[in-house]
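Enquirer: Read off the chains here:
Protein chains: 2
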Amino acid sequence: MKKTFLKNKKNVQFLIIGLGLIGGSIAKRLSKNGFKVLALDSSKSTLNHAKNTEVIKGSANKIDFTKKLFVIVALPPKTILRGFNKYLDLFQKADFITDCTSVKESLLSQIKKNNLQKKFLLSHPIAGSEKSGFLNSNENLFEDKVSIVLKHKGISKNALQISQEFWSELGSNTFNLDSKLHDRIFSLTSHIPHIVAFSLISLLSKRKDLDYKKFMGGGFKDFTRIAASDPKMWENIFTLNKKNILKDINRLQEELNTFKKLLLKDEQRKIESYLKKIKKTKESLNK
Amino acid sequence: MKKTFLKNKKNVQFLIIGLGLIGGSIAKRLSKNGFKVLALDSSKSTLNHAKNTEVIKGSANKIDFTKKLFVIVALPPKTILRGFNKYLDLFQKADFITDCTSVKESLLSQIKKNNLQKKFLLSHPIAGSEKSGFLNSNENLFEDKVSIVLKHKGISKNALQISQEFWSELGSNTFNLDSKLHDRIFSLTSHIPHIVAFSLISLLSKRKDLDYKKFMGGGFKDFTRIAASDPKMWENIFTLNKKNILKDINRLQEELNTFKKLLLKDEQRKIESYLKKIKKTKESLNK
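Top to bottom, those sequences are chains A and B.
Residue numbers are given in the working numbering: position 176 of the first sequence equals residue 276, and the series is strictly consecutive.
Residue numbers are given in the working numbering: position 9 of the second sequence equals residue 109, and the series is strictly consecutive.
Pulled out of the complex, with its shape left as it was, chain A reads as follows (with noise of 0.2 Å):
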């Protein structure tokens, strides 16, 4: 894509709230396309080791206000939301802001009561992992990935396209979302599957007869890989978009309910059908 906001690289400089996956992911993708890339991070020996292998130039005391700064928040969603106050000045001096969090409504909340919808543009790329941390982090995540963006009312067009600019040279396609729809999908596509997963490896762990590992086909254990993922990251995600979860967990047990009556009677020809149905639907979800 035509590049505006970063086409000259030395009149902008990054800000990295966090790095973990995400953020260290994003900061090692941005220097070595040539930006200079800045970090905050709660961990010093963190900070210590992404300023040594020159995937950033330094923290907060480096910014050079004189050129555009683009701040990007990855961290947990909670922790966005408790340290908001504690970033304020800085999102108030940022030329654009964004975060990378797979929950969004409370966060637009935040946003809107600081005045902030102008420049604060919210986006998701759907790039996690059940890996965490900087040390799993790496320049290509976003290679060939959809980003959300989350525009919403007041949003500024030079943040949209700045947003647009950042994903391209992430590698990702963007795609635009409303927040609470967003919130509702990612339910269902994304925070359900680690609920059953998490609930699967907890109901295996209760079975104390013998040693499970040797019975695991690649089924299983694709099917569990995302329990394995961050518990903090996970609790906030839960607790944050609750409403449309507890719907979504009473809507997949009403569809295990409706697969137990068919089983407790018998009905062979109707289970088979139920299974082409969804066979057909998986297939044309994979095209």
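Keep in mind the hints are simulated off the structure, nothing from the lab.
There's no promise every hint is true.
Unchecked claim - Interface residues of chain A toward chain B, partial, derived using beta-carbon atoms under 10 Å:
| # | residue |
| --- | --- |
| 1 | V112 |
| 2 | S159 |
| 3 | D195 |
| 4 | F275 |
| 5 | K321 |
| 6 | E335 |
To be verified - Reference excerpt, derived from the structure (chain A facing chain B, CB under 10 Å, subset only):
| # | residue |
| --- | --- |
| 7 | L190 |
| 8 | K193 |
| 9 | I345 |
| 10 | Q353 |
| 11 | T358 |
| 12 | L362 |
As the list claims (entries may be wrong) - FRET-style restraints, in silico, Cβ to Cβ:
| # | chain 1 | residue 1 | chain 2 | residue 2 | range |
| --- | --- | --- | --- | --- | --- |
| 13 | A | N236 | B | Q192 | 36 to 46 Å |
| 14 | A | S384 | B | K257 | 28 to 38 Å |
| 15 | A | R369 | B | K347 | 18 to 28 Å |
| 16 | A | S384 | B | E154 | 30 to 40 Å |
| 17 | B | D189 | A | R369 | 47 to 57 Å |
| 18 | A | K231 | B | L188 | 52 to 62 Å |
| 19 | A | K365 | B | N148 | 22 to 32 Å |
| 20 | A | L303 | B | R369 | 14 to 24 Å |
| 21 | A | L188 | B | N273 | 53 to 63 Å |
| 22 | A | E354 | B | D189 | 41 to 51 Å |
| 23 | A | K231 | B | K314 | 53 to 63 Å |
| 24 | B | K343 | A | T153 | 50 to 60 Å |
| 25 | B | K343 | A | N236 | 13 to 23 Å |
| 26 | A | E367 | B | E154 | 40 to 50 Å |
Quick reminder that beta carbons are idealized off the backbone N, C-alpha and C, glycines included.
Given the coordinates of chain A, work out where chain B should sit on it, guided by the hints.
Expert: For chain B alone, kept in the frame of chain A given last:
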């Protein structure tokens, strides 16, 4: 391992009943390893294709009764049960028989009823896939996988030894289990994940508001990969392992209820420590 029964390749022949993903993969590996492989399949075009590509030498009319005959039944579990009498004559003439299904108790009863328990040894290669059919089969499907051998009362030492040699010929390691325990284990580690994946895709298919394809990260894709599995096969497995599966669905629903309660009460610390414990279990399972 040291081969006894499969040492002299000219003295043995294999008959594979059913050239699907599993049967086809067995046939390809055995013929590559230099064995005479024959097959039965309801599809003439599959048989012709397998013959033309030199995977098999022919069908049951090519059996040489002066040599050892090892029969591998690679059919969905109910097809074996229904067709048992049809193959009875063949089973009686064979020196060794095994199956490859993921549900065992009912087939074992049938074997005992027909007094075949000396040479008919149940086995279950943990090598399934959401893909099915001969065209998806490959000679390396069993490489480095675990194949469960279901040793029962009355099985001969020879049959046990042949089974070990057979799975090792395909590249697998074997592990012994009792049929009842097998069905209880695989209800949780394989059948339940399939039911949840099917349920989740069914739930998704009810949302008509927008194209959900765009919003699926790697987690969701991995999680629901198995929802494209063979409907007939899985109807068979679900109804034959009904008792264990119904119990496990109830357990999963209870687990989800516990999680819902924590979420409803906003028990953030308890949720985080629950997730931490699960992450540890999952990581220990990966080791």
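Enquirer: Each hint needs a verdict: does it hold in this structure or not?
Expert: Results for each hint:
1. V112: Status violated, d = 29 Å.
2. S159: violated (28 Å)
3. D195: violated (29 Å)
4. F275: At 6 Å from the nearest chain B Cβ, F275/A passes the 10 Å test, so the hint holds.
5. K321: holds (8 Å)
6. E335: Cβ of E335/A sits 4 Å from chain B, so the hint holds.
7. L190: Since the shortest Cβ distance to chain B is 27 Å, the answer is violated.
8. K193: Since the shortest Cβ distance to chain B is 32 Å, the answer is violated.
9. I345: holds (7 Å)
10. Q353: Where the cut-off is 10 Å and the nearest Cβ of chain B is about 6 Å from Q353/A, the hint holds.
11. T358: holds (8 Å)
12. L362: Interface hint status for L362/A: holds (9 Å vs cutoff 10 Å).
13. N236/A <-> Q192/B: 36 to 46 Å: Distance hint for N236/A, Q192/B is violated at roughly 58 Å.
14. S384/A <-> K257/B: 28 to 38 Å: Violated, at about 51 Å.
15. R369/A <-> K347/B: 18 to 28 Å: holds (24 Å)
16. S384/A <-> E154/B: 30 to 40 Å: holds (36 Å)
17. D189/B <-> R369/A: 47 to 57 Å: Violated: the Cβ-Cβ distance is about 31 Å, outside 47 to 57 Å.
18. K231/A <-> L188/B: 52 to 62 Å: Check passed, 53 Å falls within 52 to 62 Å.
19. K365/A <-> N148/B: 22 to 32 Å: violated (41 Å)
20. L303/A <-> R369/B: 14 to 24 Å: Given range 14 to 24 Å: holds, Cβ gap about 22 Å.
21. L188/A <-> N273/B: 53 to 63 Å: holds (59 Å)
22. E354/A <-> D189/B: 41 to 51 Å: holds (49 Å)
23. K231/A <-> K314/B: 53 to 63 Å: violated (23 Å)
24. K343/B <-> T153/A: 50 to 60 Å: holds (56 Å)
25. K343/B <-> N236/A: 13 to 23 Å: violated (42 Å)
26. E367/A <-> E154/B: 40 to 50 Å: Hint holds: Cβ distance 43 Å, inside 40 to 50 Å.
The earlier numbered hints that this structure contradicts are 1, 2, 3, 7, 8, 13, 14, 17, 19, 23, 25.
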